[in-house]
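Participant: Residues per chain are reported as follows:
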Amino acid sequence: GAVVSQHPSRVICKSGTSVKIECRSLDFQATTMFWYRQFPKQSLMLMATSNEGSKATYEQGVEKDKFLINHASLTLSTLTVTSAHPEDSSFYICSARDAKIQGSNQPQHFGDGTRLSIL
Amino acid sequence: DQQVKQNSPSLSVQEGRISILNCDYTNSMFDYFLWYKKYPAEGPTFLISISSIKDKNEDGRFTVFLNKSAKHLSLHIVPSQPGDSAVYFCAAGSPWGTSYGKLTFGQGTILTVHP
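Taken in sequence, the protein lines are chains A and B.
Okay, so the first sequence: first residue is 21 according to this note's numbering, each after it adds one.
Okay, so the second sequence: first residue is -6 according to this note's numbering, each after it adds one.
FYI, nobody ran anything at the bench for these hints, they're computed from the structure.
Among these hints, one or two may not hold up.
What the hints assert, rightly or not - Derived lysine to any residue pairs resembling SDA-like cross-links, with alpha carbons at most 20 Å apart:
no.: 1; chain 1: B; residue 1: Lys49; chain 2: A; residue 2: Gln126
no.: 2; chain 1: B; residue 1: Lys64; chain 2: A; residue 2: Ser63
no.: 3; chain 1: A; residue 1: Lys75; chain 2: A; residue 2: Thr102
no.: 4; chain 1: A; residue 1: Lys61; chain 2: B; residue 2: Asn15
no.: 5; chain 1: B; residue 1: Lys61; chain 2: A; residue 2: Asn125
no.: 6; chain 1: B; residue 1: Lys95; chain 2: A; residue 2: Ser109
no.: 7; chain 1: A; residue 1: Lys86; chain 2: A; residue 2: Ser137
no.: 8; chain 1: B; residue 1: Lys95; chain 2: A; residue 2: Val82
no.: 9; chain 1: A; residue 1: Lys120; chain 2: B; residue 2: Pro88
no.: 10; chain 1: B; residue 1: Lys95; chain 2: A; residue 2: Thr95
no.: 11; chain 1: B; residue 1: Lys30; chain 2: A; residue 2: Met65
no.: 12; chain 1: B; residue 1: Lys30; chain 2: A; residue 2: Ile32
no.: 13; chain 1: A; residue 1: Lys61; chain 2: B; residue 2: Ile103
no.: 14; chain 1: B; residue 1: Lys95; chain 2: A; residue 2: Glu79
no.: 15; chain 1: B; residue 1: Lys30; chain 2: A; residue 2: Arg135
no.: 16; chain 1: B; residue 1: Lys95; chain 2: A; residue 2: Ser137
no.: 17; chain 1: B; residue 1: Lys49; chain 2: A; residue 2: Lys86
no.: 18; chain 1: A; residue 1: Lys61; chain 2: B; residue 2: Asp17
no.: 19; chain 1: B; residue 1: Lys95; chain 2: A; residue 2: His105
no.: 20; chain 1: B; residue 1: Lys30; chain 2: A; residue 2: Leu66
no.: 21; chain 1: A; residue 1: Lys61; chain 2: B; residue 2: Lys47
no.: 22; chain 1: B; residue 1: Lys47; chain 2: A; residue 2: Gly123
no.: 23; chain 1: B; residue 1: Lys30; chain 2: A; residue 2: Glu79
no.: 24; chain 1: B; residue 1: Lys64; chain 2: A; residue 2: Asn125
no.: 25; chain 1: A; residue 1: Lys75; chain 2: B; residue 2: Gly90
no.: 26; chain 1: A; residue 1: Lys86; chain 2: A; residue 2: His105
no.: 27; chain 1: B; residue 1: Lys95; chain 2: A; residue 2: Thr102
no.: 28; chain 1: B; residue 1: Lys(-2); chain 2: B; residue 2: Gly53
Said to hold, decoys possible - Residues on chain B that point at chain A, a partial pick, calculated with CB under 10 Å:
no.: 29; residue: Lys31
no.: 30; residue: Glu35
no.: 31; residue: Gly94
Stated by the list, open to error - The following residues of chain B were derived to be distant from chain A, with all beta-carbon distances above 10 Å:
no.: 32; residue: Leu27
no.: 33; residue: Lys61
no.: 34; residue: His65
no.: 35; residue: Ser67
All residues carry an ideal CB built from backbone N, CA and C; glycine is no exception.
Bound conformation, chain A alone (with noise of 0.2 Å):
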């Protein structure tokens, strides 16, 4: 099946660090990955859709500044959490579409998330 990495699993950092995290899709292209974050016992909130080769497009409320995407090449997104803050210590998922499957309803492959811990 469809696999999507994500690294590291786990930030321990200092307060005005900036972290990054790695999304990848390993046996297929994505030219669209999804990045969410989830609260303690909350749902997966989406943040932004990431876009090889364009801008990521930001769900309102997401700081554009504060969470930098970037997505190189159709393999590979990365979401940085810049001069992080303990209020964005949170649990980080992104997720993949397979690029050769059309239609919008294709289900979305899931990394295994990052637990971003700001102190």
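Go by the hints and put chain B onto chain A.
Facilitator: Just chain B now, with coordinates in the frame of chain A:
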């Protein structure tokens, strides 16, 4: 506002019995629905989906039912097994405009299947 709701935070079922997980939605533009299963420290894995033109989709032990008029869907697992214990997320999508390909998730239901 929460467009996809899973009102039961948890469900406990005996092995071999049926598990029924419920999901309600408010946005009538959603036209496909998916169920994902999530173990701790792992990402969600796709289980089963249904298009709005159907009212039932079956895959092995898993069946999803859709009631469009009630804006309600459910996932039935029969028979339930201890390995099914996980968090189950309902998700909905719309093919229209800027929503193309995006999913809206419910809060999840923790299923525990007792041996």
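Participant: Need the list of violated hint numbers for this structure, in ascending order.
Facilitator: 6, 12, 16, 17, 19, 21, 23, 27, 28 and 32
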